[in-house]
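Protein chains: 2
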Amino acid sequence: MAVYTEISDDDLDRFLDQYNLGQALSCKGIAEGVENSNYLLHTDSGYFILTLYEKRVKAEDLPFFLGLMEHLAAGGFMSPRPIAAKDGKSLKQVAGRPAAIIEFLDGRSIKRVMPQHCALLGQALAQLHTIGSDYSLQRMNTLSLSNWRPLYIACQKSDNDRMNAQLFPEVEAEISFLENHWPDALPRGVIHADLFPDNIFFLNDRVSGVIDYYFACNDFFAYDLAICLNAWCFENDGSFNITKARKLLNGYREVRDFSKEELDFLPLLCRGAAVRFLLTRLYDWLNQVEGALVKPKDPLEYLKKLQFHQAVKNVAAYGLD
Amino acid sequence: MAVYTEISDDDLDRFLDQYNLGQALSCKGIAEGVENSNYLLHTDSGYFILTLYEKRVKAEDLPFFLGLMEHLAAGGFMSPRPIAAKDGKSLKQVAGRPAAIIEFLDGRSIKRVMPQHCALLGQALAQLHTIGSDYSLQRMNTLSLSNWRPLYIACQKSDNDRMNAQLFPEVEAEISFLENHWPDALPRGVIHADLFPDNIFFLNDRVSGVIDYYFACNDFFAYDLAICLNAWCFENDGSFNITKARKLLNGYREVRDFSKEELDFLPLLCRGAAVRFLLTRLYDWLNQVEGALVKPKDPLEYLKKLQFHQAVKNVAAYGLD
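Sequences listed follow chains A and B, in order. Residue numbers for the first sequence follow full-length UniProt numbering, so the first one is 1 and each next one is one higher. Residue numbers for the second sequence follow full-length UniProt numbering, so the first one is 1 and each next one is one higher.
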């Protein structure tokens, strides 16, 4: 949940003057997105999401993100479309922050994931990969293999209370292992890289929206699958749900088939994805901001997921034959 | 800002089955209201506010509040209208909480109060008093004179660190003074009792909505004015803006004139209103909930307002001749 930046009435009116959307009839902060301030904006032209980009999103990356949303929507994918201002640009400023007005998409993110949602997720992910493959801009994944060791060291430095003394050697050994075994080449292109249940809207038993592209980057397609296996296929008690994994992977290959190499590397990519979220959550946990509205997520959830994937021999563990 | 209670998809669907609004297309938590959980709900029938009543609102008061909104809206006042379910009732339950679907009103609450807003506020407040005067239900003000001493004692008990040792004798003396001088009889009826800038929407230079009736009760009309003088007519630096006060009072009497007695008692009522907000803010300050999303408001703001009114001799200080 997040509303960080308040917008004065004058600022909002001046901002909207740059668009062909009429005046602001209503503008309410909404509890959506963790990294940015989001408002539900009602104008004479309809309902929109107004996003103000906070510090964790780099301004220089915004053209990649907004361009991607536009590209995906133009290709028929259920990404919300950024609204262009009168000058044709969708990236503007308000209240001292980079800002964009984004199409409002109906649908609801689900709180209780069922296997059929995983099948729809798999199809949507493969569509994103397919339609995104001819997007012209590039963005490096800044939370991948080469970033994990620096992030690990930053976590160690932040752990003043030595609360996690036992955790660190285990994570360090895993990072070393991944550094030695990470694949050089797999099918790659634009990935979402953060496709958690919060970021998909469902409506009438289909996917109506995929949002929050602010970690999107160029990386292995199968790494995106690995992120989703971690985010969607474990139960609250920590157990892995092989039915959900099978639905996810089979849904995916209905739209885009994976190579044998992608499948072979999937357990390793799942370990990497678990390390990525373990580290960023651990860093946030150790660096909590006094008075922040967002409670950091439990990093140890991802330690347990990591341990599950470490024991996986092959993709049969994920429900594939 | 507040979203306290999450609603599962099944709960929301079952809840909406009780209404003639179609299905839920979207339901987003919004940062509006401090006491309750509020969602912006989009259904086949349009946009609505879904409110879940949290613990601080007593369930037995809800028929008074919802009935009042209905009564005011029916009388032409810009209150949002509660939506009746198929059985005619507007008070239902969802996710274990009392809940109601309320009309969505356009307009924006203002962050920077200008004198012309105070004139519009005064008119709206007088309209509320006039239209509310034939509302059949009654609700006692549970945050008035007789409640201040118990609340004061509760604050004292909560002040383990003796941070406010200087403050307490001053407040206690004021409560004694108010107990001895509070009027017995002034024109009375339904008052809003919490008409802060957050709770009024403006659109196209008029009031488009008055929301948040969850402190409404039967009390002196002029006490509602006193609350507004405190909430709207001081600047951020603590200074009193007599122009805003004059606009507020003159706006009010365009719609409903006050008696000489109401005016004579206004400085005293302003002192009482300052004590009421000082005490509730102090109590919240001293009893902060770990991890709460709402940061308590500064109680000392109201001590300064109290001191201003203590020095007031008559309504000339509020801009009236």
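Treat the hints with caution; some may be incorrect.
Same chains, same names: a pair is fine if it fits in one copy or spans any two.
[Said to hold, decoys possible] Below 25 Å or equal to it, Euclidean Cα-Cα: the simulated DSS-like pairs (lysine-lysine) are:
| no. | residue 1 | residue 2 |
| --- | --- | --- |
| 1 | K111 | K92 |
| 2 | K111 | K157 |
| 3 | K58 | K313 |
| 4 | K297 | K313 |
| 5 | K304 | K157 |
Quick caveat, the hints were computed from the structure, so don't treat them as lab data.
Comparing the hints with the structure gives:
1. K111 with K92: between (33 Å within a copy, 22 Å between copies)
2. K111 with K157: Intra 35 Å, inter 41 Å, cutoff 25 Å: neither.
3. K58 with K313: neither (39 Å within a copy, 57 Å between copies)
4. K297 with K313: Cα proximity of K297 and K313: none, with 29 Å in one copy and 56 Å across.
5. K304 with K157: For K304 and K157, only the intra-copy Cα distance (23 Å) is at most 25 Å; the inter-copy one is 45 Å.
Violated hints, listed in ascending order, are 2, 3, 4; each of the other numbered hints is respected by the structure.
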